[in-house]
Amino acid sequence: TLERVEKYTQEAAHKAASHELLLIEEPGYLEAEGIEKTFNITQKKLKEQLDESSAKKIFDLQLTTFGPYSLDYTLIGGRKGHLATRDWQENKPGCEIHVKETVRD
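Numbers 1 to 105, taken from our numbering, label the letters of the sequence shown in order.
Errors might be hidden in some of the hints.
To be verified - Dumping the calculated BS3-like pairs for lysine-lysine here, alpha-carbon to alpha-carbon at most 30 angstroms: (1) Lys15 <-> Lys80; (2) Lys47 <-> Lys37; (3) Lys45 <-> Lys57; (4) Lys92 <-> Lys80; (5) Lys80 <-> Lys57.
For the record, the hints were derived by calculation from the structure and aren't laboratory data.
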C-alpha cells in the first residue's frame, strides 16, 4: 500500500542520515596550535579524539630486548638484528627473525 511505501521511505531516509557520520571522505591530520608541538601529543590524547574504527588500531608494542628501534614505513629491523612484521589490518604479529647483525632498510 501507499502508506507502507511511505513508512519504508521515511525509515530509509532516517537510517541514511544516521549513517552519514560514518562516511569519512576526507583524511584527517594533526595540527598543533600556537606554540604546541606535535611530538608532545600522546596516543592516549589522540585516541580520545578518534572515531571508533581508528581508535581500535592503536596498540602498545613492547620491544625491549633487541632495541633500540626506529620506525619508518618500510623499516622492519633493529640494531641488534631483530626483524619483525605485523599484519596491521588484523593487528596480529607476522614473523620475527633474529639475524644478530645491524639491519638497515
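Enumerate the violated hints, using their earlier numbering and listing them in ascending order.
1
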